[in-house]
Amino acid sequence: MRKDLSVILQHLTPVEPDRSFCEAVLLCVHATQRRTARLRFMVLGSTAFASTLALVPAIKFAAAEFTQTGFSEYLSVLFSDGGGVLVYWHEFALLLAESFPVLAITLLFFVAFVLLGSLRLALINARVAFMPNYSHN
Amino acid sequence: MERSDEQLIAAYIDGDESALDELVRRNLKMIFNFVYRFVGNAGDAEDITQEVFVKVWRHIKDFRPEANFKTWVFTIAHRTTIDWLRKRKRLVFSDMNSKDDEFVFADTLVDTEPLPDELFARAEDKAFVESLFMQLSPEHREVLYLHYYEGLTFDEIGNILEKPLNTVKSQHRRALFAIRKFIDAPR
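Sequence order for the protein chains is A and B. Letter by letter, the first sequence follows residues 19 to 155 of this note's numbering. Letter by letter, the second sequence follows residues 1341 to 1527 of this note's numbering.
It is worth saying that the hints were derived from the structure and are not from the lab. A portion of the hints provided could be inaccurate.
As the list claims (entries may be wrong) - Not the full set, but computed from the structure, chain A residues with beta-carbon under 7 angstroms of chain B:
#, residue
1, S24
2, H29
3, T31
4, V33
5, P35
6, C40
7, V43
8, L44
9, C46
10, V47
11, A55
12, V74
Quick reminder that beta carbons are idealized off the backbone N, C-alpha and C, glycines included.
Throw the hints in and build the complete structure from the sequences for me.
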């Protein structure tokens, strides 16, 4: 750093912004925060609503698949003939694995995950979007 | 104990809303002055500074904890100012790129050559220093301000202005040339 130029440029007076400027900037930032949070709340809220509606057919589909593949029947054998299941546990386990309705369960978990996730995020954004004005210290 | 800027960002991300307010208050004057020295107008500087801190909030989660906050926020300020001026068509390409032929000699100057004594004699005249500074092109003002006023290295300035190190050093030499030219110009 050149000391001569440093000496000269030290005489550059720092410009003081208007006193209310800091508060104006903070208000602007907070207003932008609230606006963004409101938008996210609307999108996430809609997603939560849609996934709630999708949950019912997802549960029905999973229940139907459990019956159709025979999984629920095989599982009931576990309670009705436990001894036999124990003897042939290896074959029984394979039978359960083959008849397990993977697609239906995956779909159900996905819908539930989207519902819970979007609800959680919607609540977080609702707190920012609708809380009272900040009081600056 | 006062928290550093980087700690304030970490605190804000962890949920401390007041940390952002403190960060803004602490850095507002610094950014305002940088922008003001660039655009030369307090009203425009206020608008741009406001936009800078909105962007700081928007991208706060992109800030890497090991990075330097000052460099990061100056980068945002630089980009925001350029964009703002371009939108209002107040910045033409030639403003940011000095004519090469004018400064070929400047690049041959040895950087340690002393400035004229006259400059020191008038240095205490704040109005003169302000006038001298504002005579320089925006790119020269940026380099001189960040180096001598904010104490940043040429390397850091290069990162902020997104220019190679040698370009920044060249602009520094050209700024010195422009200052000498201004002093030597007939009045």
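Hints and how they fare:
Because the closest C-beta pair between S24 of chain A and chain B is about 5 angstroms apart, less than 7 angstroms, the hint holds. At about 4 angstroms, the closest approach between the beta carbon of H29 of chain A and any beta carbon in chain B falls short of 7 angstroms, and the interface hint on this residue holds. The beta carbon of T31 of chain A comes within 6 angstroms of a beta carbon in chain B, closer than 7 angstroms, and the hint placing it at the interface holds. For V33 of chain A, the interface hint holds, since its Cβ comes within 7 angstroms of a Cβ in chain B; the closest pair sits about 5 angstroms apart.
For P35 of chain A, the interface hint holds, since its Cβ comes within 7 angstroms of a Cβ in chain B; the closest pair sits about 5 angstroms apart. For C40 of chain A, the suggested interface contact is upheld, since its CB lies about 5 angstroms from the closest CB of chain B, less than 7 angstroms. The criterion of a C-beta within 7 angstroms of any C-beta in chain B is met by V43 of chain A, whose closest approach is roughly 5 angstroms, and the hint holds. For the restraint placing L44 of chain A at the interface with chain B, the shortest Cβ-Cβ distance is roughly 6 angstroms, inside the 7 angstroms limit, so the hint holds.
For C46 of chain A, the shortest C-beta to C-beta distance to chain B is roughly 5 angstroms, which falls under 7 angstroms, so the interface hint holds. Hint status for V47 of chain A: holds, given a least beta-carbon distance of 5 angstroms to chain B, under 7 angstroms. The interface hint given for A55 of chain A is violated, since its Cβ lies 12 angstroms from the closest Cβ of chain B, which is over the 7 angstroms cut-off. For V74 of chain A, the interface hint is violated, the least distance from its beta-carbon to any beta-carbon of chain B being 35 angstroms, above 7 angstroms.
Checked against the numbered hints given earlier, the structure breaks hints 11 and 12 and satisfies all the rest.
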